[in-house]
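Protein sequence lines, in the order shown, are assigned to chains A and B. Going by numbering that gives the first Met the number 0, the first sequence opens with residue 0, and the numbers climb by one from there. Going by numbering that gives the first Met the number 0, the second sequence opens with residue 0, and the numbers climb by one from there.
Mixed in with the good hints there might be a few duds.
Same chains, same label: a pair holds when it works inside one copy or across any pair of copies.
To be verified - Below, a list of computed lysine-lysine pairs in the DSS-like style, where the Cα atoms sit at most 25 angstroms apart:
| hint | residue 1 | residue 2 |
| --- | --- | --- |
| 1 | Lys-25 | Lys-91 |
| 2 | Lys-82 | Lys-168 |
| 3 | Lys-37 | Lys-91 |
| 4 | Lys-25 | Lys-54 |
| 5 | Lys-91 | Lys-131 |
| 6 | Lys-25 | Lys-37 |
| 7 | Lys-131 | Lys-168 |
| 8 | Lys-91 | Lys-54 |
| 9 | Lys-54 | Lys-18 |
| 10 | Lys-131 | Lys-82 |
| 11 | Lys-18 | Lys-37 |
| 12 | Lys-18 | Lys-91 |
Please keep in mind that the hints were generated in silico from the structure rather than gathered at the bench.
Protein chains: 2
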Amino acid sequence: MNQSYNSVLLDTAVAELSKLPGIGHKTALRLALHLLRKEPETAYALGSAIIEMRKGIAYCPVCHNISEGGVCQICSSPRRDRKTVCVVENVKDVITIERTNEHSGVYHVLGGLISPLDGVSPSDLEIESLVKRVGEEGVEEVILALSPTMEGDTTNFYIYRRLADLPVKVTMLARGLSIGNELEYTDELTLGRSILNRTLFSTNGE
Amino acid sequence: MNQSYNSVLLDTAVAELSKLPGIGHKTALRLALHLLRKEPETAYALGSAIIEMRKGIAYCPVCHNISEGGVCQICSSPRRDRKTVCVVENVKDVITIERTNEHSGVYHVLGGLISPLDGVSPSDLEIESLVKRVGEEGVEEVILALSPTMEGDTTNFYIYRRLADLPVKVTMLARGLSIGNELEYTDELTLGRSILNRTLFSTNGE
Chain A
0 MNQSYNSVLL
10 DTAVAELSKL
20 PGIGHKTALR
30 LALHLLRKEP
40 ETAYALGSAI
50 IEMRKGIAYC
60 PVCHNISEGG
70 VCQICSSPRR
80 DRKTVCVVEN
90 VKDVITIERT
100 NEHSGVYHVL
110 GGLISPLDGV
120 SPSDLEIESL
130 VKRVGEEGVE
140 EVILALSPTM
150 EGDTTNFYIY
160 RRLADLPVKV
170 TMLARGLSIG
180 NELEYTDELT
190 LGRSILNRTL
200 FSTNGE
Chain B
0 MNQSYNSVLL
10 DTAVAELSKL
20 PGIGHKTALR
30 LALHLLRKEP
40 ETAYALGSAI
50 IEMRKGIAYC
60 PVCHNISEGG
70 VCQICSSPRR
80 DRKTVCVVEN
90 VKDVITIERT
100 NEHSGVYHVL
110 GGLISPLDGV
120 SPSDLEIESL
130 VKRVGEEGVE
140 EVILALSPTM
150 EGDTTNFYIY
160 RRLADLPVKV
170 TMLARGLSIG
180 NELEYTDELT
190 LGRSILNRTL
200 FSTNGE
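Please model the entire structure based on the sequences and the hints provided.
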C-alpha cells in the first residue's frame, strides 16, 4: 500500500521504517508521528545512532561476531580459552550465552542454520571457516550451541561430520527439563530424551 | 535493563531504538542486528530519512497539520472549502479522513483530547486557536470528528460550548452500525444509539 501523506519527507521516513522486520505501514506511521511530536534531538539521536552503528561495526574475521574494527573483544581477550569454541547461530546467541557467565572460551558465529526449505545451504554459512579454524588453531573442544530444532539438528550433524577427521572433541548443549518448569507441562519428546540422558544424582547442582 | 553488547555503537543504537513507543529492549536489539546484516545503504537511508523528516517538517500555523514549511497543502489548496472545518485529534486522523475522499473542507488538528486523568486540559490543545479561527474567518460549519470515547465526548462538549456564541453550525460524525458488521455482534450502546438516531430509508445509500 503506497499512501501519500502530503509530505515527501514523511512518506520517505514511513517507507524506510516499514522496511524493518515486524514493522508494518501503520506502525511505521505511528513511529514517524511520534518522532515528529518529540523534540528534534530525539529524532537526530536515533538517526545518527543508526548511521554510526552501521558505519562503525564490522564483523570479527576470526569468529564473525560483531566488532568495532578488527578482531573482536572476545577473541582478543587474554582471559578467554581459545581452545574451546562455542558454535552459535547468530550474534544474539553470543549475547545470550555471555549472559550466563558459564562459557570461558571463544565463539564461532555461523550466520544462520542449514535450511533447505529457506534455501540456506552449508556454503551460505561460516562452516568452512570453522573447519579451517579447528584444523589450524589446535582447537580442543567444539561446543555446538544451536537451537534444538530441525534446522539446528541438521546443522549440528553436518558440522559433526565435517569435523570427524580432526582431533577435536565435539559436544552439544544438554537437553532436558527446563529448570523451574513443571514435569506435567514438559513436552513428551523432551521428557523422553531426559529419561534416556539421565545423569547421576548429585547435590552440588552439577 | 542496561546491557552491554561489547560495542558502544550497538548499545547506543539499541538504547535509541527502544525509546520508540511499543519497542522494547529485545525488539530494539533485533532491529539493530537486522540493520547490521543488511547492506550499509539500508541503515544510512533509514537514519537520514528520520533526520531529514524531523528537520524538514513543521506544523501548519493555520490547522496544525504537518507541513513542509508554512501553511500546509490542504489549507493552501484553492479547491478546498475553507468555510467547513473538520476538527480532529491528531495528524493521523487527517490522513484517515482524507482517504475517504468525503471531506472537501479543511482541518483543525487539536493535538490530543481533553483527559483530566492524563493531565490534558483544554489549554494544552489547539482549542483557543480554533475558536479564534472560527470567529475571524467566517467558518460556517465545524465538523467534530473525534473518537466516540469518553475523552472524545468531553472534548466535543467543551468545543461545542466554546463555539455556542458564534454563528457557526456545529455537527458531529454519525454514530451507528459499522457497515459490514453483523447486528448480532454490535455492542448495545451503539445499537441503542442507532435506533434513537434512525434515518429515513433511502435507496441511494445516503
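Results of checking the hints against the structure:
1. Lys-25 to Lys-91: Intra 27 angstroms, inter 10 angstroms, cutoff 25 angstroms: inter-copy only.
2. Lys-82 to Lys-168: within (11 angstroms within a copy, 81 angstroms between copies)
3. Lys-37 to Lys-91: Intra 30 angstroms, inter 16 angstroms, cutoff 25 angstroms: inter-copy only.
4. Lys-25 to Lys-54: between (29 angstroms within a copy, 22 angstroms between copies)
5. Lys-91 to Lys-131: within (24 angstroms within a copy, 55 angstroms between copies)
6. Lys-25 to Lys-37: both (19 angstroms within a copy, 23 angstroms between copies)
7. Lys-131 to Lys-168: Close inside one copy (15 angstroms), not across copies (80 angstroms); limit 25 angstroms.
8. Lys-91 to Lys-54: Classified as within: same-chain Cα gap 19 angstroms, cross-chain 34 angstroms, threshold 25 angstroms.
9. Lys-54 to Lys-18: both (19 angstroms within a copy, 21 angstroms between copies)
10. Lys-131 to Lys-82: within (14 angstroms within a copy, 76 angstroms between copies)
11. Lys-18 to Lys-37: Both: 22 angstroms inside a chain and 11 angstroms across chains, each within 25 angstroms.
12. Lys-18 to Lys-91: Classified as both; 20 angstroms inside a copy, 20 angstroms across copies.
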